[in-house]
Amino acid sequence: MAELIIPNRIYQPEFECMDRAERRALQLKRLKESIERASVLDFYKKKFKELGITADKINSLDDLRRLPITTKQDLRDYYPFGFFAVDRSKLVRIHASSGTTGKPTFVGYTKNDLDLWSTCCARFLVAGGLTPDQVTQIAFGYGLFTGGFGLHYGIEKVGAAIIPASSGNTQRQIMLLKDAKVDTVICTPSYALNIAEVIKAQGLKKGDLAWKFAHFGGEQWTEEMRLKIEDALGIYAFNNYGLSEIIGPGVSGECAARTGMHIQEDHFLVECLNPETLEPVAEGEEGELVITALSKEACPIIRYRTRDLSKLFWSEPCPCGRTTMRMSRVKGRTDDMMIIRGVNVFPSQVEEALMKVGGIAPHYLIELYRPGNLDQAVVKIEMLPETFSDKMDELQKLKNSIDREISAITGIHFDIQLVAPNSLERTGGKAKHVADYRGLKID
Amino acid sequence: MLIKQLSLFVENKPGSLYPICKVLKDNNISIRTLSLADTEQFGILRLLVKEWEKARDVLSEAGFIVKVTDVIALPVADRPGGLAELLEVVDKHNISVEYMYAFTFGHNQTAVMVFRFENPEETLKYFHAENIDAIEAFDLFK
Ligand SMILES: [Zn+2]
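Chains as they are written, first to last, in the working numbering: chain L, 4 to 446; chain F, 132 to 273.
So that you can see chain F by itself, here it is in the shape it has in the complex (with noise of 0.2 angstroms):
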């Protein structure tokens, strides 16, 4: 399943992310995870959070462009050449990876990576053929 993750447009200043994590706060929406892809003057604040609908309105609301994209979670086993599996996958059918970043949750420490494909749904597919199933949205905001 794909998971929705929300994307800001944010300037690269002092102060830039406050306020967004102030709206969030305020409206008790908890962040599972971010990251910041930047240059030096701007950047792309990538965010997964449970309610995405609603942090997308209120933060569209309080004046922010917020875009919704379909990322994969996949776990990473860990074992030496965990992730080398997940791209092995990748390289087969020739798929670009547009970013990736990586995380962990839960009381296992599961780490995670989160992969942005031009088509999602049919490199799903290609990852559900060779039985390496994403994590649901229900279990990561669990």
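With the rest of the complex left out, here is chain L (with noise of 0.2 angstroms):
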């Protein structure tokens, strides 16, 4: 069985150790009321009408099988807020995620959603060391992006102290951890690496900063990494999981034992299917992530198709007491969606901007590094004979308007490269748009 590495606390042992049948007639009673709250959108009053679906008619949690799938592409269709199922005046918040194209998908909150929402990464906070005395620092942009409000208010049901740094100016964000003796940071793991990096670089010695927690999400990150960062830097890194689509961190997280993130059941029932079939798969064997948000009002969201590749794990009880389902990191998407600077980025996106810059080539590949601890993202672009100029001023424009128009649709500025034609490699006919060289992957 495996250790715990930190004191074992919980923030909501009522729910988190909760009976396993207790909590399923729970989740049961949830599911229909989600159903209900769902039955209002225009979506699912179609789906369920086809597949003559009425939340009585659920009488087992089996009977989510029976339930229609959510996709990013439904989200899209009903965009801008076709799943918003209260009236505006319920609503305090509303966050957006990127979408595959240049609209993002909205997702909305009541009052009592944010109060589920910072509960819920309150649990994995405490789980992970998190205690009212402590000083934290939030190093996620806040904004749109869901990571840096749903840490922040987390940490405030905790009772901890927040630095809102929020991302970038490394220099400065390494001057605070020092000087106000930050003992939790929210991060991405690669801007960690990327601090400890610094911090060698300026002379700084582990035992200099009071730092030992580190919340790490949204993006890939493996064990190597998990380890080289705790070693650089003298903390523990504990990994949640999340997405905008149903809540935003908060859907999961690591306990002390760190043998996979608990998922906070009493609010999301995760299914893992076979990406292929839909069908679920077996216990610790690998699938797609298919969640159903059950406490939500604002957005009542069904079986919501993650796109992300994990595996779960329920027999083994874990050793901190929780008895909540676990989930593996997630080892990659079913879709081409990459994850660049903790920013969700769709080739389709790149696509879309260099259809609106116009006559360039519609082939280009896109290469992802991770030279020093940042990712690096280079976009090749093949030179069409309408758009060369013999001028290099005009090739100049060609390419920072190629640059305007990437950022303005994904947020990222990418190193963008002209190439020759035909230069870009092509497979059967189909061509590459990814290549990926930052070492993520994981077996």
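If you are wondering where the hints come from, they were derived from the structure by calculation, not from laboratory data.
As the structure is a computational prediction, the values presented were derived from the model and not from experiment.
Every residue gets a Cβ at the ideal spot worked out from N, C-alpha and C, and that includes glycine.
Heads up, some of the hints might be wrong.
DMTMM-like mimics (lysine to aspartate or glutamate), calculated; alpha carbons at most 20 angstroms apart, straight line [as the list claims (entries may be wrong)]:
{"hint": "1", "chain 1": "L", "residue 1": "Lys400", "chain 2": "F", "residue 2": "Asp169"}
{"hint": "2", "chain 1": "F", "residue 1": "Lys144", "chain 2": "L", "residue 2": "Asp418"}
{"hint": "3", "chain 1": "L", "residue 1": "Lys394", "chain 2": "F", "residue 2": "Glu249"}
Examples of chain F residues lying across from chain L (beta carbon under 10 angstroms, computed) [said to hold, decoys possible]:
{"hint": "4", "residue": "Gln136"}
{"hint": "5", "residue": "Leu137"}
{"hint": "6", "residue": "Ser138"}
{"hint": "7", "residue": "Phe140"}
{"hint": "8", "residue": "Val141"}
{"hint": "9", "residue": "Ala168"}
{"hint": "10", "residue": "Gln172"}
{"hint": "11", "residue": "Gly194"}
{"hint": "12", "residue": "Ile196"}
{"hint": "13", "residue": "Lys198"}
{"hint": "14", "residue": "Thr200"}
{"hint": "15", "residue": "Glu229"}
Grab the two chains, each in its own frame, and use the hints to assemble them into the complex.
The structure is reproduced here in structure tokens:
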């Protein structure tokens, strides 16, 4: 059995350590309520009618399988507010997640939803060492992205102090870390590696900082990265998981045993399905996570296809005492979404930007590198005779407008490289659009 | 008279010029002069060849991006102020030079300055008015 690396603390033992049969009963009750709430939405109204589903016909959790699947495309089709089930007066917050093309998808929160969200974050934060006497630093961007605010309110719930440093400016981050004697940091794992490198370059030692815990999310990372970060900084790093379409961070997170992320099962029903057949896979087998939100009011989402590949475990009890199902770290995606510096980017967004610029070939290749510890994104675009100029400033202008369009749509600056026609590889007629050299593959 | 210049897109990486020269060699086309403008990542190769139409066709067929541009080739007098005389005309009419490059040719090693202007036809007239005559393609590729 895994050992606990830090003192075991549980924020809401009454739910996290609930008897399983009792929890299932609660889940069923909440699932019915969720179906009720979802029934006011055109999308679900239509689907439920087709499938003959009403809340009172759901008699066991197995009936979940009869419910319709919701995809990112469905959310886009009902842009902007087609998945909002409450009156505008009940909304207190709206976040957005990047879409596969220019338009994002919105997710709304009522007052109760925000409370639920921060409670879920508080649970994994406490499991990963957060106590009210600590000072924390949030190095996630505050904004449309759910990471910054989600963790912020979660930490407030626990009662620890927050330095809302937001993202970027590593020198200043380190100054704050050192001078404010920060105990816990919230950031992406790659940013933590970057901080570690700068700290080393500044000649600071592990003991010069009070820093003890880090909570990572927002991007894929590996166990090797965890070892590297913990060794370099002398801290304990914890993984958490969530996505904007469901709620943001808080769907699951690691405990002191670190044998997978405990899913907040009283609020989220998580299935692991074969992405081809959408049939459930066995315990410990890889599949795509499909999530139903049980308690959300503003956006009661049913069976959302996350596109995230993971594994679920429920048989082995966890030494921390929680009775919830655990999930492994996300291994990859069933679609082509990339996470670059913590931002979700789809190749189709880059394509859309290139179409806007016009005059360049639809042949492009995105290359991702991690020189140092930060992501570097390159996009190679084949030149076309129509846009080619014998004047250098014209080509520079072209490059600048490509950069502008791509960053307007994705929020990320790519290194724009113009390449010769037919120089990008085409395999079997189908162009390859992404080459990831960051070494994030997990087996 | 205007001279036809070929401009080619090249990537700034080892071995990117050779295939171009190879195509020209295989088609028995000799290069009068060339000039390369480059950035860290890509460049523009500018070529003057006698059989520009043939060169354009064979290079395009080989997959290169080729653009034909009118440039003006002016003789530069071999004395102090030779180039200044040319630029004086440019300055007088407030014309901007998009780019320029120099080379020498012929038995006498005549110095030539190649200019790219936005309106080459019009600019040519200004030089003519100052009794500066552009070098004809016939002479340049003799
Ligand atoms: Zn546990």
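Item checked: Interface hint outcome for Thr200/F [beta carbon to chain L under 10 angstroms] -> Cβ of Thr200/F sits 5 angstroms from chain L, so the hint holds.
Note to self: What's the verdict on Lys144/F and Asp418/L, does the C-alpha distance respect the 20 angstroms limit or exceed it?
What the structure shows: Answer holds: Lys144/F to Asp418/L is near 17 angstroms, not above 20 angstroms.
Check: Is the hinted pair Lys400/L and Asp169/F satisfied, with a Cα-Cα distance of at most 20 angstroms?
Finding: holds (15 angstroms)
Check: Does the nearest C-beta of chain L fall within a distance shorter than 10 angstroms of the C-beta of Ile196/F?
Finding: Hint on Ile196/F: holds, closest Cβ of chain L at ~5 angstroms, below 10 angstroms.
Checklist line | Agreement of Lys394/L and Glu249/F with the hint, judged by alpha carbon distance not exceeding 20 angstroms | finding: holds (11 angstroms)
Checklist line | Proposed interface contact between Lys198/F and chain L, which counts if any beta carbon pair is under 10 angstroms | finding: OK, holds: Lys198/F within 10 angstroms of chain L, min 6 angstroms.
Checklist line | Interface hint compliance - Phe140/F to chain L, C-beta minimum distance less than 10 angstroms | finding: holds (5 angstroms)
Item checked: Restraint outcome when Glu229/F is required to lie within 10 angstroms of chain L by C-beta distance -> holds (5 angstroms)
Note to self: Under 10 angstroms is the threshold here; is the Cβ of Gln172/F close enough to any Cβ of chain L for the hint to stand?
What the structure shows: holds (5 angstroms)
Margin query: Using the nearest Cβ pair, does Val141/F come within less than 10 angstroms of chain L?
Written below: holds (7 angstroms)
Notebook entry, point to check: Do the numbers back the hint for Gln136/F, that is, is its least Cβ distance to chain L under 10 angstroms?
Noted result: The hint holds - Gln136/F has a Cβ within 10 angstroms of chain L, the shortest such distance being about 7 angstroms.
Item checked: Per-residue hint verdict: Gly194/F, partner chain L, C-beta under 10 angstroms -> This hint holds: Gly194/F lies near chain L, its Cβ roughly 6 angstroms from the closest one there, short of 10 angstroms.
When each numbered hint is compared with the structure, no violation occurs for any of them.
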